Amino acid sequence: GNSVTQMEGPVTLSEEAFLTINCTYTATGYPSLFWYVQYPGEGLQLLLKATKADDKGSNKGFEATYRKETTSFHLEKGSVQVSDSAVYFCALTSTDSWGKLQFGAGTQVVVTP
Amino acid sequence: NAGVTQTPKFQVLKTGQSMTLQCAQDMNHNSMYWYRQDPGMGLRLIYYSASEGTTDKGEVPNGYNVSRLNKREFSLRLESAAPSQTSVYFCASKGQGATNEKLFFGSGTQLSVL
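Protein sequences, first through last, are from chains A and B. If you're matching positions, the first sequence starts at 6 in our numbering and goes up one per residue. If you're matching positions, the second sequence starts at -14 in our numbering and goes up one per residue.
If we strip away everything but chain A, and leave its shape as in the complex, we get (with noise of 0.2 Å):
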């Protein structure tokens, strides 16, 4: 079946510093592949994604790269701010899942002045 293994949290981190949260997955047909947010009290939304290998999503500053060799799908941003801290939420579909997303289990991010 469908996982997605993300790095533990939570990561502290000083305002400007360069943010990488892992992420792994292993998967049956051809995933795509996505990063969500939730902000404190909110529910998820939807950061970036990439639906296909080498493909890049970004948004907000944030990048990551879908890697098939490596099954990967890490998350960068090279100035992190207060606003950005969350939950990041690894996530895939893939075309036997009908449309279904499978989670990691998300990594808190706290970012301090």
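No wet-lab data here; the hints were simulated from the structure. Keep in mind it's a predicted model, so treat the numbers as computed, not measured. Even glycine gets a Cβ: it sits at the ideal position worked out from N, Cα and C. Honestly, I wouldn't trust all of these hints.
Label-pair ranges, simulated between beta-carbon atoms [what the hints assert, rightly or not]:
no., chain 1, residue 1, chain 2, residue 2, range
1, A, T33, B, T(-8), 34 to 44 Å
2, A, T76, B, A67, 31 to 41 Å
3, B, L99, A, S19, 35 to 45 Å
4, A, S63, B, E64, 43 to 53 Å
Reference listing, derived: stretches of chain A covered by chain B, where coverage requires no fewer than 3 residues with Cβ under 8 Å from a Cβ of chain B [unchecked claim]:
no., stretch
5, 46 to 57
6, 105 to 112
Given the structure of chain A, go ahead and fit chain B onto it with the hints provided.
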């Protein structure tokens, strides 16, 4: 522009009580989902509805029932609540089409079962 609306936002139940979580979306989406979120486990799919009139079990359906009342509404019912059902519940919806894979989430219901 409401998106996905869940009610209630908070609920405390005693073991054995029943309740229904309500969810409605105004985006004319075909697909709707119920997830639960537990620390260290991410989001797990409870039930989903691919279209009006259909429902299917997800990863953790035991102890829950759902109703797709119409295209807009998808409710989740706990018939006899248990402490293991203490969680945050999220409803989500998705538009039609294989390439339209973005889920829209409600703001969640925090449920405590004592």
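Cross-check of the supplied hints:
| no. | hint | in the structure |
| --- | --- | --- |
| 1 | T33(A) - T(-8)(B): 34 to 44 Å | holds, 37 Å |
| 2 | T76(A) - A67(B): 31 to 41 Å | holds, 36 Å |
| 3 | L99(B) - S19(A): 35 to 45 Å | holds, 40 Å |
| 4 | S63(A) - E64(B): 43 to 53 Å | holds, 45 Å |
| 5 | 46 to 57 | holds (count 8) |
| 6 | 105 to 112 | holds (count 6) |
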